[in-house]
Amino acid sequence: MSANDSDIPRGRAHAAFAIPSLDSAARAPRRPHKAPTDEARRDFVALSVVLTGFDDAELWGTGMVEAYLGWLLSVVGDRHTGALLSTSHRIIEDAAGDDDALERLMQLDILADAAIGPLARNLIVLWYLGQWNQLPADWRDTWGANAMDQTCIISPEAYVQGLAWPAIHTHPPGAKMPGYGSWALPPHGVEEQP
Amino acid sequence: MAIDSLPSLRRHLKWAMEVEHATIPPYLCALYSIPSGSNAEAATLLRSVVMEEMLHLALAANVLNAVGGTPHVDHKSFVPRFPGPLPHSDDRFKVELLPLSGKAVEIFLRIEKPSPPGAKPQGNRFATIGQFYEAVEQALIDLTAELGEAKVFSGKTNRQVPPGMWYYGGGGDVIVVHDLESALHALHEITEQGEGLDHSIVDGDAQFNDVDELAHYFRFEELRQGRRFLSTDTPQTGPTGDELPVDWSAVLPMHPNPRSRDYLGHPTIHRQMVKFNRIYTRLLRQLQCAFTGTPDALRDGAAIMYELRYQAEALMRIPSPLHKGRTVGPPFEYDPGEGEP
Amino acid sequence: MTVPQGSYDAIVIGAGPVGASIAKVLTDRGKRVLILEAGRASGLTYDGWRSYVDTYRSALVKEPNSPYPPNPNAQSTYSQDILNIQKRVPVISGYQVEKGPLSFASTYLRSLGGTSLHWLGTCPRMVPNDFRMKTMYGVGVDWPLSYDELQPYYCQAEWLMGVAANKEEQGHFGIWFPEDYDYPMERIPPSYSDRVYAEGAAKAKVRFGSREYGMSVTSLAQARNSIPRRGYTLKGAVGAQHVGQRCEGNACCIPICPVQAKYSALRTLNEIDQNFFTLVTQAVVSRLLIDPGGRIGGVEYKRYESEGSSQSTLGTATATLYIVAAHAVESAKLLLASGAANSSDQVGRNLMDHPFFLTWALNPTPVGAFRGPGQTSEIPSFRDGPFRRDFAAARIDLGNWGWDIATFPPNSNVQEAAAANVFGKKLRHALSDQVPRQLRVGYVLEQLPEAANRVTIGRDFVDPIGCYRPVIHYNVSDYTRAGMVAANKISDSLFHAMGIGQANIFTHFTPQSPGYMTYRTESGQEVPLSFYGSGHHMGTHRIGISRTDSVTNRNSRSWDHENLYVVGCGGMPTVGASNPTLTAVAMALMAADDMLTQLG
Numbered sequence: 000m001s002a003n004d005s006d007i008p009r010g011r012a013h014a015a016f017a018i019p020s021l022d023s024a025a026r027a028p029r030r031p032h033k034a035p036t037d038e039a040r041r042d043f044v045a046l047s048v049v050l051t052g053f054d055d056a057e058l059w060g061t062g063m064v065e066a067y068l069g070w071l072l073s074v075v076g077d078r079h080t081g082a083l084l085s086t087s088h089r090i091i092e093d094a095a096g097d098d099d100a101l102e103r104l105m106q107l108d109i110l111a112d113a114a115i116g117p118l119a120r121n122l123i124v125l126w127y128l129g130q131w132n133q134l135p136a137d138w139r140d141t142w143g144a145n146a147m148d149q150t151c152i153i154s155p156e157a158y159v160q161g162l163a164w165p166a167i168h169t170h171p172p173g174a175k176m177p178g179y180g181s182w183a184l185p186p187h188g189v190e191e192q193p
Numbered sequence: 000m001a002i003d004s005l006p007s008l009r010r011h012l013k014w015a016m017e018v019e020h021a022t023i024p025p026y027l028c029a030l031y032s033i034p035s036g037s038n039a040e041a042a043t044l045l046r047s048v049v050m051e052e053m054l055h056l057a058l059a060a061n062v063l064n065a066v067g068g069t070p071h072v073d074h075k076s077f078v079p080r081f082p083g084p085l086p087h088s089d090d091r092f093k094v095e096l097l098p099l100s101g102k103a104v105e106i107f108l109r110i111e112k113p114s115p116p117g118a119k120p121q122g123n124r125f126a127t128i129g130q131f132y133e134a135v136e137q138a139l140i141d142l143t144a145e146l147g148e149a150k151v152f153s154g155k156t157n158r159q160v161p162p163g164m165w166y167y168g169g170g171g172d173v174i175v176v177h178d179l180e181s182a183l184h185a186l187h188e189i190t191e192q193g194e195g196l197d198h199s200i201v202d203g204d205a206q207f208n209d210v211d212e213l214a215h216y217f218r219f220e221e222l223r224q225g226r227r228f229l230s231t232d233t234p235q236t237g238p239t240g241d242e243l244p245v246d247w248s249a250v251l252p253m254h255p256n257p258r259s260r261d262y263l264g265h266p267t268i269h270r271q272m273v274k275f276n277r278i279y280t281r282l283l284r285q286l287q288c289a290f291t292g293t294p295d296a297l298r299d300g301a302a303i304m305y306e307l308r309y310q311a312e313a314l315m316r317i318p319s320p321l322h323k324g325r326t327v328g329p330p331f332e333y334d335p336g337e338g339e340p
Numbered sequence: 000m001t002v003p004q005g006s007y008d009a010i011v012i013g014a015g016p017v018g019a020s021i022a023k024v025l026t027d028r029g030k031r032v033l034i035l036e037a038g039r040a041s042g043l044t045y046d047g048w049r050s051y052v053d054t055y056r057s058a059l060v061k062e063p064n065s066p067y068p069p070n071p072n073a074q075s076t077y078s079q080d081i082l083n084i085q086k087r088v089p090v091i092s093g094y095q096v097e098k099g100p101l102s103f104a105s106t107y108l109r110s111l112g113g114t115s116l117h118w119l120g121t122c123p124r125m126v127p128n129d130f131r132m133k134t135m136y137g138v139g140v141d142w143p144l145s146y147d148e149l150q151p152y153y154c155q156a157e158w159l160m161g162v163a164a165n166k167e168e169q170g171h172f173g174i175w176f177p178e179d180y181d182y183p184m185e186r187i188p189p190s191y192s193d194r195v196y197a198e199g200a201a202k203a204k205v206r207f208g209s210r211e212y213g214m215s216v217t218s219l220a221q222a223r224n225s226i227p228r229r230g231y232t233l234k235g236a237v238g239a240q241h242v243g244q245r246c247e248g249n250a251c252c253i254p255i256c257p258v259q260a261k262y263s264a265l266r267t268l269n270e271i272d273q274n275f276f277t278l279v280t281q282a283v284v285s286r287l288l289i290d291p292g293g294r295i296g297g298v299e300y301k302r303y304e305s306e307g308s309s310q311s312t313l314g315t316a317t318a319t320l321y322i323v324a325a326h327a328v329e330s331a332k333l334l335l336a337s338g339a340a341n342s343s344d345q346v347g348r349n350l351m352d353h354p355f356f357l358t359w360a361l362n363p364t365p366v367g368a369f370r371g372p373g374q375t376s377e378i379p380s381f382r383d384g385p386f387r388r389d390f391a392a393a394r395i396d397l398g399n400w401g402w403d404i405a406t407f408p409p410n411s412n413v414q415e416a417a418a419a420n421v422f423g424k425k426l427r428h429a430l431s432d433q434v435p436r437q438l439r440v441g442y443v444l445e446q447l448p449e450a451a452n453r454v455t456i457g458r459d460f461v462d463p464i465g466c467y468r469p470v471i472h473y474n475v476s477d478y479t480r481a482g483m484v485a486a487n488k489i490s491d492s493l494f495h496a497m498g499i500g501q502a503n504i505f506t507h508f509t510p511q512s513p514g515y516m517t518y519r520t521e522s523g524q525e526v527p528l529s530f531y532g533s534g535h536h537m538g539t540h541r542i543g544i545s546r547t548d549s550v551t552n553r554n555s556r557s558w559d560h561e562n563l564y565v566v567g568c569g570g571m572p573t574v575g576a577s578n579p580t581l582t583a584v585a586m587a588l589m590a591a592d593d594m595l596t597q598l599g
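Chains as they are written, first to last, in numbering that gives the first Met the number 0: chain X, 0 to 193; chain A, 0 to 340; chain C, 0 to 599.
Some hints here could point you the wrong way.
Listed below are the simulated DSS-like cross-link pairs for lysine-lysine, each with C-alpha atoms no more than 30 angstroms apart in a straight line [unchecked claim]:
no., chain 1, residue 1, chain 2, residue 2
1, A, LYS75, A, LYS102
2, C, LYS98, C, LYS166
3, A, LYS323, A, LYS112
4, C, LYS202, C, LYS488
5, X, LYS175, C, LYS204
6, A, LYS102, A, LYS119
7, X, LYS175, C, LYS425
8, X, LYS175, A, LYS323
9, A, LYS102, A, LYS112
10, C, LYS202, X, LYS175
11, C, LYS234, C, LYS202
12, C, LYS204, C, LYS488
Treat the hints as calculated values from the structure; they're not laboratory data. Keep in mind the model is a prediction, meaning the values are calculated, not measured.
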């Protein structure tokens with residue numbers, strides 16, 4: 000049971016509809032030809048910092064940077080990944096440390112963009128829940144559907160490292176157990192016992 | 000140096016706690032360098048050793064409390080530096096914080112090395128932990144003979160960590176110390192789990208599985224040789240059982256002996272290291288509380304230990320900007336600062 | 000593999016807590032027992048268990064059966080198949096066929112260990128009046144036994160399963176314990192949020208009829224590892240005993256405790272003396288064979304080699320006694336398929352669940368949602384009382400997992416935020432501000448036995464190996480609906496006493512809510528309601544005083560076949576508001592005594 004129960008059959012139905020219209024080459028995962036460059040990795044982390052609100056050390060600490068960048072490259076390919084990363088690189092430079100400016104640029108140049116906006120939204124969900132959402136129908140119609148582009152938790156570890164859990168000051172259910180009796184302690188943000 | 004008075008005995012038992020504690024950070028580094036899903040057997044082995052070292056710390060605290068001493072673990076001086084000698088040892092080797100590796104296992108073997116037959120008790124600058132404990136045991140026996148049991152074991156009973164409550168999931172259990180017999184029992188438990196019982200490979204416990212029955216030294220020998228001991232094996236035969244597969248490459252490559260000040264120029268990483276140090280120090284504070292009259296503090300101590308683990312694992316995964324191809328790792332430094340760095 | 004032939008004293012059908020407990024008692028006394036289990040045995044190794052954990056972690060829909068891979072030859076129902084039945088009846092997509100008018104909404108698991116692999120572990124005893132509903136309140140039926148008679152078996156069951164509780168906190172409404180008795184482990188520490196609830200509950204008052212009711216919060220008896228009391232040896236994970244020696248707060252009891260600190264039948268199965276015990280898995284019993292004299296003469300089973308193939312071989316096995324302990328639904332199905340034990344026409348009837356009604360709110364300060372076992376305390380105040388003439392009793396569970404199944408945080412929050420282009424620190428702060436303050440109260444509501452709520456079978460619905468799929472007919476009567484209306488009133492009073500204003504109470508039901516229905520009050524108002532299943536399938540082969548209105552006698556022995564026992568939650572004539580596993584195991588231990596007498 001999850002909030003998006005009802006999305007699952009819809010997503011699958013859409014995939015079944017979309018895939019037959021494409022040739023087999025387009026259906027194969029778009030594997031990157033080479034490992035991501037250090038620069039791509041840096042840009043990916045910088046973008047992820049802005050999207051998640053967690054700093055670079057916290058993101059690296061999840062151990063998921065390579066996996067998520069690799070996933071993005073595999074599902075949407077070099078071209079879209081490159082467009083997203085170069086745009087984010089530019090707006091981070093343009094904002095020059097001004098958070099309001101960065102927020103504005105992020106909204107205008109990335110999230111409002113039909114090609115890279117959906118990717119950024121998906122990265123938020125990926126970092127927070129370990130879940131990849133199938134890209135919206137119009138994105139798939141325009142840019143092509145990929146067999147890997149299915150709504151799923153991309154790996155057991157991706158679930159475990161979801162940022163939603165530290166964001167709410169706890170651990171993912173079924174992982175990173177906090178120890179006997181820990182639930183009796185006052186929660187984060189509460190000093191005194193009631 | 001002979002241990003010839005109660006104050007001296009208490010001082011040496013404090014040292015015992017320092018020694019037991021000093022083994023924990025290096026063992027934890029090796030354990031936490033193993034990412035989940037790989038080297039499962041090695042991880043189980045290391046975990047079993049760490050669990051018992053924590054037990055040893057509690058046992059040493061019980062003996063110290065029983066003889067009227069006061070544990071003092073929440074203090075900068077209690078925390079060893081790495082690399083550095085085992086506290087109060089003869090400084091023949093340096094203990095280091097390393098990921099699981101051949102070098103780490105060699106150090107572990109030196110830490111747990113059994114005393115050679117007939118080795119002299121050594122109350123200070125000891126060659127082996129066994130010799131150190133032998134000196135402490137001798138002192139307990141001598142002082143009891145000299146002063147009488149009541150005078151030696153004058154500590155408050157409410158300071159004893161009780162069995163069956165807060166220690167679980169590892170070999171052995173806590174022993175309440177109130178006289179010479181129980182004190183010697185507690186110290187034997189420490190040395191037998193460490194170096195083995197009377198020059199055999201086993202420690203005399205039989206609780207969960209074979210791994211808990213082997214003395215630490217021989218568990219590490221299994222790691223080094225990549226093979227299990229059979230119950231019929233001896234120190235001379237070495238392990239002749241099943242293979243113990245260790246994939247030395249499936250380990251997070253933490254840079255040796257991490258120090259937080261090295262990362263002052265990398266504030267986000269530094270912050271994570273400080274966060275780790277504060278959890279670690281909070282754990283020491285909790286233990287201090289537990290060993291000085293509030294044993295129930297160990298309940299929340301367990302929660303802090305888990306926090307420590309997850310923060311260590313995160314640091315193990317952060318690539319070090321200072322050492323290419325290596326990750327940052329947990330520094331295990333004393334930091335009494337409060338709250339989020 | 001074929002079933003080893005030999006002379007068995009008993010064949011137990013189903014390796015859940017009930018079947019395993021009986022097998023344990025019989026083998027302890029040197030009786031030879033064969034267990035036939037429909038599901039797979041993957042959970043018996045620790046590596047197998049870890050693979051379940053990984054399956055859970057990567058499951059998109061983390062519903063109760065999600066860790067346990069689908070098995071076409073011994074199917075289970077997955078929640079997504081049966082929620083939102085309002086839209087279309089019957090539902091035939093899942094394993095269990097839902098004929099309505101309401102969805103039964105509960106699932107169970109067919110695997111070695113049964114549904115105890117994903118149960119929550121809550122172990123309340125039933126209160127004495129639960130056993131005499133007809134006499135006390137003029138509703139339901141009376142049991143053929145009293146609390147006092149079942150009491151010794153409750154004690155045994157609590158030690159067998161390893162229940163953690165403090166007895167001085169469990170004496171609700173006449174529940175008593177022998178003086179020299181205590182639970183095998185200390186209570187699980189109550190959560191921080193329990194303390195927040197307790198402060199409010201102490202001040203809360205609610206009026207029903209002419210009476211005003213107060214509330215109190217007490218710790219909950221739970222089958223999960225805590226600090227052992229004298230004489231009890233802690234049992235950790237099967238195949239990794241050092242793991243799971245305490246509940247370590249995975250906050251994942253349902254669907255899976257990663258460390259097995261929570262009791263499952265695997266633990267009991269693992270403790271059975273192998274000299275007297277044969278376990279055969281992947282063996283689906285399809286029929287009981289009845290001798291001309293009326294005794295059961297054998298069982299017919301279909302053994303499949305793998306989930307991947309519907310190839311199965313038919314076999315038979317014989318023993319002195321036959322014990323059907325396959326789950327309330329599966330046991331009823333098997334009796335119906337065999338034409339056995341049904342002279343009363345009660346087999347499959349009186350199906351009950353504890354409809355689970357939720358209310359939810361935001362506390363002014365964090366309560367630490369998503370920490371600890373699913374629940375650590377309850378409000379027992381409405382488990383009994385004169386109101387039971389009019390509406391259902393409820394055990395009130397104080398959830399530790401935020402709004403969980405009511406809205407699925409934090410997933411829903413993240414998805415909504417991302418869709419609305421909320422990102423970065425704003426997103427992080429929004430989550431951090433809201434989710435840790437979430438409170439969710441669950442009402443485990445009593446349901447009365449009704450003949451029309453039932454399990455049936457039919458040739459239209461069979462599984463790949465030719466066994467019947469259960470067909471479920473289910474409704475919730477006004478007695479229980481009125482209990483939900485009362486629950487909402489209790490909830491408002493509780494939340495208000497906790498200092499939570501109406502604006503921070505988020506309970507609401509729409510026709511899209513799972514188990515949506517309405518209740519017409521005396522004044523003619525239609526109140527919208529919604530419920531979830533508790534996974535408590537009960538009543539389908541009830542014990543009774545007379546062979547005309549029950550399937551078995553008080554010892555769970557069939558009135559029609561003297562060497563047949565039908566044991567489990569299906570035996571409960573009424574269900575109070577107590578989660579049934581403990582009571583079912585106690586009844587099983589009582590039945591086992593009778594079996595030992597019969598076997599001599």
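For each hint, the structure was consulted:
{"no.": "1", "hint": "LYS75/A to LYS102/A", "result": "27 angstroms, holds"}
{"no.": "2", "hint": "LYS98/C to LYS166/C", "result": "43 angstroms, violated"}
{"no.": "3", "hint": "LYS323/A to LYS112/A", "result": "34 angstroms, violated"}
{"no.": "4", "hint": "LYS202/C to LYS488/C", "result": "15 angstroms, holds"}
{"no.": "5", "hint": "LYS175/X to LYS204/C", "result": "40 angstroms, violated"}
{"no.": "6", "hint": "LYS102/A to LYS119/A", "result": "28 angstroms, holds"}
{"no.": "7", "hint": "LYS175/X to LYS425/C", "result": "25 angstroms, holds"}
{"no.": "8", "hint": "LYS175/X to LYS323/A", "result": "29 angstroms, holds"}
{"no.": "9", "hint": "LYS102/A to LYS112/A", "result": "15 angstroms, holds"}
{"no.": "10", "hint": "LYS202/C to LYS175/X", "result": "37 angstroms, violated"}
{"no.": "11", "hint": "LYS234/C to LYS202/C", "result": "40 angstroms, violated"}
{"no.": "12", "hint": "LYS204/C to LYS488/C", "result": "10 angstroms, holds"}
This entry does not satisfy hints 2, 3, 5, 10, 11, going by the numbered hints stated previously.
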